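**Student:** Letter by letter, the chains look like this.
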Amino acid sequence: MFLITCPYCGEAREEQEFSHAGEALIQRAPLDATDAEWGDYLFNRSNRKGPVLEQWQHTLGCRKLFIVERNNVTNDILAIKTFESLRSGS
Amino acid sequence: MKRLPPQPCERIDRTQRVSFKWHGRWYSGFGGDTLASAMLANDVTPVARSFKYGRRRGIMAAGTEEPNALVTLEGGSGHHTPNVRATEAELYEEMQARTDSGVPSLKHDLRAWLKPLHRFLSAGFYYKTFKAPKSGWPWYEKGLRRFSGFSGAPTEPDAEHYDQQYHHTDIAVVGSGPAGMAAALAAAQGGARVLLLDERSALGGEMVSDCVTESRAGQWFEATRQALAEHANITLLTRTTAYALHDYNLLLALERRQDHLALPARKPEQSRQRSHHIRARQVILATGSHERPMMFANNDLPGIMLATAVRRYLHEYAVLCGDEVVIAGNNDSIYALASELLDAGVRPVVVDSRDSGFDTRALQERGAVVRKSHAVIEAVGRDRVSGARIAQVRQTGTRWDCITLPETLPCNLIALSGGFSPVVHLDCHTGSKPVFSGEWQAFMPACDRPNRWVAGSVNAFPDWAGCRDDGLYAAARALEALGLNPSAPATRPQRTTLNTGPFVCLSHKRDKTFLDMQNDVKASDIEQAIRENYRSIEHIKRYTALGFGTDQGKTGNVNGIAVAASVTGIPMEQIGTTTFRPMYTPVTMGALAGEETGLLYDPQRFTPMQTSHQQQGAAFEVVGQWMRPWYFPHGDEDMHAAVARECRAARSALAMMDASTLGKIDIQGPDARELLARVYTNAWAKLAPGKCRYGLMCDENGMIIDDGVTACISDTHFVMTTTTGGAASVYAHLERWHQTEWPALKVYFTSVTDHWSTTAVVGPKARRLMEKVCSDIDFSADAFPFMDWREGTVLGVPARIMRISFSGELSYEINVAANYGRHIWDQVHAIGQEWGITPYGTESMHVLRAEKGYIIVGQDTDGSITPYDAGMSWAVARNKPYPFIGLRSLSRSDTSRPDRKQLVGLLTEAPDTVLPEGCQLVRHPTDTVMIGHVTSSYLSPTLERSIALAVVRNGFALQGETIYARPVSGAVIPVVIRDTTFYDAGKEQLDGER
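Protein chains in written order, with the working numbering: chain Y, 1 to 90; chain A, 1 to 994.
Source of the hints: derived by calculation from the structure; they are not laboratory data. Some clues are possibly wrong.
[Said to hold, decoys possible] Estimated spans, in silico, between C-beta atoms of each pair:
id : chain 1 : residue 1 : chain 2 : residue 2 : range
1  : Y       : N47       : A       : K142      : 39 to 47 Å
2  : A       : Y166      : Y       : D40       : 40 to 48 Å
3  : A       : S339      : Y       : E69       : 57 to 65 Å
4  : A       : A685      : Y       : E11       : 41 to 49 Å
Just so it is clear, the structure is predicted and the values come from calculations on it, not from any experiment. Ideal placement from N, C-alpha and C gives every residue a C-beta, glycine not left out.
Please model the complete structure; the sequences and the hints are all you need to start from.
**Tutor:** If you want it as structure tokens, here you go:
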């Protein structure tokens with residue numbers, strides 16, 4: 001039951017206010033992908049132990065999605081990034 | 001066992017006599033007693049029969065680590081509490097307690113008579129037995145459960161209630177022994193807000209014994225207790241057990257608020273127990289340590305107790321647990337007990353397994369007998385201990401040998417101290433593993449998570465002054481971490497030592513040497529597990545059930561690990577402990593539920609028309625969290641009669657339905673139309689303002705996930721509807737794709753489900769009614785075609801009217817701002833009486849749409865149905881510029897297979913046979929391979945026979961064929977496959993009466 005600091009609301013809030021929204025930075029495969037490539041995009045995930053990049057949505061707050069780098073063994077949150085910051089390269 | 005005259009630091013109130021009932025007899029104790037101390041004072045023994053072997057057991061400890069004395073309080077009533085440790089139950093007037101551990105009774109136990117069979121009931125016997133005959137299984141389970149002898153479950157509703165409280169604090173201190181008391185006071189004086197918890201009713205931990213023997217201790221205790229009570233920054237919670245420590249210092253604790261009060265004295269308006277949820281910026285664990293018993297044959301006999309327990313009963317409760325005493329141990333604390341027993345007039349024999357340098361001359365002069373390098377190898381006795389057989393012992397490598405012949409010491413109490421195990425549990429809940437220290441002969445808390453500290457005997461400080469100093473040190477560190485300046489410098493105190501010797505693992509009668517009292521696990525079981533190749537401590541635990549009980553192995557685990565170490569030769573640090581998980585001690589279900597029971601269990605959502613529905617006599621169905629009218633029975637109609645009447649009204653005259661619960665999402669922006677094109681399968685480019693379109697939504701896997709009608713308000717404004725249950729997930733789905741994949745699209749979403757209420761007016765007379773309630777819209781068929789919407793004023797209220805139909809009849813949905821919903825409903829109902837307007841609910845809604853072959857997402861689809869499978873290829877526009885969600889998947893080899901499950905209609909041969917929904921379908925009557933299942937099934941009042949929808953492999957190609965439904969029980973039912981539109985294939989009803 002960890003705390004996440006929403007980068008938009010600017011406060012640490014209980015995990016219960018948020019919803020996990022899948023592995024972050026998955027690239028949508030193009031329309032001409034082979035069945036194998038499309039299946040890989042649809043179903044295969046890295047499933048790493050340790051630091052992982054995942055998406056969380058502040059569903060009971062501002063409804064924004066952002067990226068969390070979390071150690072999935074210790075639940076330590078290592079970094080929180082907005083999509084805007086990634087796109088602008090900052 | 002007897003009650004002594006007043007002791008200097010006793011905590012009982014001799015002016016208050018308290019009576020309690022145990023197995024039909026009344027006994028007497030004092031206020032301040034626990035059930036255990038009162039039972040000891042009354043010489044009640046045995047208190048239980050053991051789990052597998054039915055052995056007689058007595059009280060072993062004085063706190064939560066008690067493994068034997070589990071009782072049922074107030075059995076059979078609304079206050080029935082199972083498996084309470086007698087050592088924790090505070091005695092109250094007319095307490096009724098019993099144990100259910102005897103089979104059939106405490107006095108006479110069948111399992112004890114089966115002694116010759118006990119060797120077959122060793123670890124894991126149930127994996128090797130009860131294999132045949134298989135038919136005996138229900139009995140084996142019932143029989144085994146009866147044999148286990150734990151408390152029965154409550155049969156009455158709980159007469160009391162529970163609640164929860166949330167705290168945010170700077171420093172939470174768990175445990176109020178000297179370490180916790182010192183830490184809490186120093187932390188508060190340093191400026192922090194402090195929460196101090198203790199599982200007992202009074203502060204002090206194990207210090208009471210020290211207060212008796214050392215006046216300095218008593219003075220410090222009194223002064224500190226006073227200061228804690230007076231300090232404004234401290235919140236003190238006694239009778240509160242911290243049972244879990246989660247990430248980011250979320251500490252969960254259970255406060256027993258009224259359990260110590262006599263039943264008539266409990267206030268009904270107050271909660272019985274409270275679960276505290278505490279977020280602490282810093283946590284100091286001053287949780288103490290549990291003493292370990294020594295290991296020898298029959299060490300489970302009544303009258304064999306932990307040494308600290310004997311001290312507590314003596315000092316706090318003035319109970320002497322025996323007058324012919326043998327003290328056996330491997331550390332210096334045994335001599336402190338010896339001295340205190342001498343003060344009480346007892347001359348103990350001290351059996352020290354070490355060749356210890358402790359100076360025992362003073363004790364011997366006072367009358368104690370001391371045997372160093374000796375150990376108890378066996379206890380003798382039947383109902384209780386009557387003697388201890390001791391011998392001189394020597395350790396060679398991992399082996400312990402007796403090097404003299406045993407001698408028998410008569411005794412009625414054996415006090416054991418095999419060392420102290422720090423209470424590491426809370427520290428382990430977040431994944432840390434404790435580390436074995438050879439110096440302290442203990443598993444030490446790793447304490448490697450941030451913002452957390454340990455102090456006191458959990459940190460191997462054995463004396464009260466050391467604990468106090470360690471508490472001050474931990475508080476200083478915690479204050480520093482908070483950026484507050486501690487008054488005392490943060491110097492780490494030095495530990496004194498009890499010179500704890502190694503674990504004595506004798507080889508004599510290991511099948512009678514008990515490690516885990518609660519589950520009857522013996523040293524021989526550990527040997528057996530290892531012999532059968534269960535080597536990891538986690539496997540040994542599970543195979544033998546070591547540590548499985550409600551005591552989580554508090555007195556048994558470390559001894560078990562020591563035996564494993566001695567058998568395998570693997571050092572204890574390598575074997576490690578098993579994983580400790582919450583809860584530290586059992587927590588009532590009621591406390592976990594708190595107030596969220598009954599009506600508060602789940603939120604209930606109502607539409608604005610709820611009161612009208614109730615007044616009209618609706619029966620309700622829970623859909624998600626919504627209360628939806630299910631059907632509206634008249635008189636004593638059952639559901640079928642009501643549904644028949646409602647459907648006939650809808651198809652022949654006029655009916656009405658509350659459709660407010662459907663999800664509604666307002667979508668605006670220059671790219672709103674493009675967004676729709678990407679999330680739906682169908683085309684949106686040409687949908688003009690004033691028009692509506694049915695949209696089919698798929699996931700990236702090409703499977704239908706939702707559907708609904710979307711209305712075009714303007715080129716940059718649409719209102720999407722979703723299924724009732726899909727509202728939240730579709731909303732999140734849109735946001736996720738927009739924010740992560742299509743951020744360049746200029747569009748925004750607003751959930752407006754609760755902003756609008758919807759009254760559907762349905763039937764051939766619908767136009768007549770609409771003309772009466774709205775005068776600024778032309779409702780003629782040409783002016784207001786099907787799938788259009790219009791803005792107007794209905795009964796004085798601004799409205800959007802959608803001409804859409806889920807029934808196949810002429811139908812208008814009146815959407816108004818939610819708070820006008822009931823006004824519209826009531827007025828439409830009144831005005832519609834002219835045509836016999838009939839309200840209907842979800843059941844009729846289901847039947848009407850099924851007669852038309854319209855799907856319900858989540859009923860006829862299950863996440864594995866594509867638009868093509870559902871026969872809706874007309875809804876798929878493959879030539880949109882951007883590949884919509886699911887497009888690529890529709891051409892996967894698996895999704896384009898011809899023999900996929902396809903949506904068809906089914907007609908049974910016998911018209912009143914209604915197929916069970918979910919029923920399996922097979923090609924031939926005796927086939928066991930399923931080719932599909934029934935998704936929707938009803939008795940159709942319109943067709944006056946049963947109808948069903950189903951998904952069947954190759955269904956489209958099997959039109960006209962007969963297949964078979966195989967219900968779970970009963971005969972096979974032949975069915976004919978047909979298309980899904982049972983009624984009005986020509987869509988003539990859609991325009992209604994012109």
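**Student:** Next step is simple, just say for each hint if it's right about the structure.
**Tutor:** Each hint tested on the structure:
no.	hint	verdict
1	Y:N47 x A:K142: 39 to 47 Å	holds, 43 Å
2	A:Y166 x Y:D40: 40 to 48 Å	holds, 45 Å
3	A:S339 x Y:E69: 57 to 65 Å	holds, 59 Å
4	A:A685 x Y:E11: 41 to 49 Å	holds, 43 Å
Of the numbered hints given earlier, the model fails none.
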